[in-house]
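Chemist: Keeping the supplied structure of chain A fixed, place chain B upon it in accordance with the hints.
Number of protein chains: 2
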Amino acid sequence: MGKTLVYPKGISNTANRYAKRVTYDLGPIHSIINAATHLDVAFVPGGDDPFPTIIPMIGQMGSYEFPSNGIDEPLDCYIHGYVSARMMNMARAAGDKGLPLCISATHVDGLVLSLSPFSHSYNYRSVVLHGYGVPVTDEDEKNYAMKLITDGVVAKRWDNSRTPPTAGEFQSTTILRVKIVAGSGKVRDGEVSDEKQDIDSMEVREKVWSGIVPVWQTLGEPVPSSTNMVKEVPAYLKEYVSKVTEENKKHAYAAMKLPAP
Amino acid sequence: MGKTLVYPKGISNTANRYAKRVTYDLGPIHSIINAATHLDVAFVPGGDDPFPTIIPMIGQMGSYEFPSNGIDEPLDCYIHGYVSARMMNMARAAGDKGLPLCISATHVDGLVLSLSPFSHSYNYRSVVLHGYGVPVTDEDEKNYAMKLITDGVVAKRWDNSRTPPTAGEFQSTTILRVKIVAGSGKVRDGEVSDEKQDIDSMEVREKVWSGIVPVWQTLGEPVPSSTNMVKEVPAYLKEYVSKVTEENKKHAYAAMKLPAP
Numbered sequence: 001m002g003k004t005l006v007y008p009k010g011i012s013n014t015a016n017r018y019a020k021r022v023t024y025d026l027g028p029i030h031s032i033i034n035a036a037t038h039l040d041v042a043f044v045p046g047g048d049d050p051f052p053t054i055i056p057m058i059g060q061m062g063s064y065e066f067p068s069n070g071i072d073e074p075l076d077c078y079i080h081g082y083v084s085a086r087m088m089n090m091a092r093a094a095g096d097k098g099l100p101l102c103i104s105a106t107h108v109d110g111l112v113l114s115l116s117p118f119s120h121s122y123n124y125r126s127v128v129l130h131g132y133g134v135p136v137t138d139e140d141e142k143n144y145a146m147k148l149i150t151d152g153v154v155a156k157r158w159d160n161s162r163t164p165p166t167a168g169e170f171q172s173t174t175i176l177r178v179k180i181v182a183g184s185g186k187v188r189d190g191e192v193s194d195e196k197q198d199i200d201s202m203e204v205r206e207k208v209w210s211g212i213v214p215v216w217q218t219l220g221e222p223v224p225s226s227t228n229m230v231k232e233v234p235a236y237l238k239e240y241v242s243k244v245t246e247e248n249k250k251h252a253y254a255a256m257k258l259p260a261p
Numbered sequence: 001m002g003k004t005l006v007y008p009k010g011i012s013n014t015a016n017r018y019a020k021r022v023t024y025d026l027g028p029i030h031s032i033i034n035a036a037t038h039l040d041v042a043f044v045p046g047g048d049d050p051f052p053t054i055i056p057m058i059g060q061m062g063s064y065e066f067p068s069n070g071i072d073e074p075l076d077c078y079i080h081g082y083v084s085a086r087m088m089n090m091a092r093a094a095g096d097k098g099l100p101l102c103i104s105a106t107h108v109d110g111l112v113l114s115l116s117p118f119s120h121s122y123n124y125r126s127v128v129l130h131g132y133g134v135p136v137t138d139e140d141e142k143n144y145a146m147k148l149i150t151d152g153v154v155a156k157r158w159d160n161s162r163t164p165p166t167a168g169e170f171q172s173t174t175i176l177r178v179k180i181v182a183g184s185g186k187v188r189d190g191e192v193s194d195e196k197q198d199i200d201s202m203e204v205r206e207k208v209w210s211g212i213v214p215v216w217q218t219l220g221e222p223v224p225s226s227t228n229m230v231k232e233v234p235a236y237l238k239e240y241v242s243k244v245t246e247e248n249k250k251h252a253y254a255a256m257k258l259p260a261p
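For the record, the sequence lines run as chains A and B. Mapping of the first sequence onto full-length UniProt numbering: position 39 corresponds to residue 39, and the numbering continues sequentially without gaps. Mapping of the second sequence onto full-length UniProt numbering: position 260 corresponds to residue 260, and the numbering continues sequentially without gaps.
For reference, chain A alone in the conformation it holds in the complex (with noise of 0.2 Å):
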């Protein structure tokens, strides 16, 4: 009991700098995943190109091969979204071993605004996962990954939403699976820090106003489509909607050690 499962620290993910703020427990990374609206997927095209790309994309924590595996244990991530046909190409071409990828997912929860711009700071959750992505070609897996991801969007979203999809549907939607290798997570929270110099100044702290600006991310009043007939807004999304947006304001004030208003 009370076994701890963390990524193995490698070379691409051990965090040097601000090493309290960093964590590489399985649970807390894959929550940071899972929260985010959107995820930031890099890979590299290579060839003549020298840059790396980043695309946006929306994806999930889970494991098709062990579906009961909770949040703190070993998962995949599934993706999904624009995935372009570079991406594609690569990851097909890769094989079974997979196209390299990196997987980023950031909160920002404040503005921590010190006496002194060289300290201010953000409290913030962030997550960068290193891992191979693979097409995910069997048919039980691309369902069980599409419900995954869109349930990600709106929780009970696809039981509520037209499904089983089409053979169409099916066979335009492509999803990749990532086999994270390694992970990190660096959360930033508390109070302001400041330099001594700039705390014991009283001439600055009577100028500068010092604190915390709380960020998140709000989702408001759902507004139905023009073609929209059912008349209620249903009561799985109007809890959604609540639930998310009291969470994103609860981290806010919770890095600040305050209760939300």
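What the hints contain is simulated information worked out from the structure, not anything from laboratory work. Take the hints with a grain of salt, since some may be wrong.
Identical chains share a label here; the pair holds if one copy fits it or two copies do between them.
Unchecked claim - Straight-line alpha carbon distances no greater than 27 Å define the calculated BS3-like cross-link-like pairs of lysine-lysine that follow: (1) Lys156 - Lys231; (2) Lys243 - Lys257; (3) Lys250 - Lys238; (4) Lys231 - Lys243; (5) Lys249 - Lys156; (6) Lys179 - Lys97.
Quick caveat: nothing in here was measured; it's all calculated off a predicted structure.
Modeler: Below, chain B without anything else, positioned relative to chain A:
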């Protein structure tokens, strides 16, 4: 008059899918970068490491060489934050040519919930830039960039905090100037989009709620630090907090062709 400057289309930034959502215009691209609370910056470590790495940083578009350039004119991207030792060492080693970087910014403006999960989408504004990063060494340029970036976090903060920097602060701060060689933006807005077969099915439309959940980043009431001595939240900060929240909200509703409530 009326000439719109655009980024050239190259191998690394030409979008093929959803081409009508894409812009190469400098103005909207730079605005999306400057409105982001954080940027994702990717580099390729190389050597034994097969993965690109993404680091969340803060940054702003600006031009030290041509400080009067407007938002729709050529600008560099100045970035700052947790510049990992690897990224910095590589940027230094790259010399005048600079280190190839990818910079991305994404704003989620709404969850677009259509009848079928496969037509689900987001309203969003995203940008991907490619460019060469060089550490800023010139003192004047570094001061320019530090003010630019600080005022990007909170407008007018530089002049309202303890400046100028001490020698120690100045030396320990690392800023990269990224010369942009390619850029593209994508903007998705407007109505829910559905397949004809779903729109034509009364059974589907009577069962599934369709519409958009607006999403925006909220800046909350500033919370003073335990050492703060300025009694009132200063006007520039109050104004910034409400202005940014209003603008974010306006984007979420404008994407639905609605005025913000």
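Chemist: If a hint holds in the structure, say so; if it doesn't, say that too.
Modeler: Results for each hint:
1. Lys156 - Lys231: within (19 Å within a copy, 47 Å between copies)
2. Lys243 - Lys257: both (20 Å within a copy, 26 Å between copies)
3. Lys250 - Lys238: Result: close both inside a copy and across copies, 18 Å intra and 21 Å inter.
4. Lys231 - Lys243: within (22 Å within a copy, 34 Å between copies)
5. Lys249 - Lys156: Classified as both; 22 Å inside a copy, 26 Å across copies.
6. Lys179 - Lys97: Result: close within a single copy only, 10 Å intra versus 35 Å inter.
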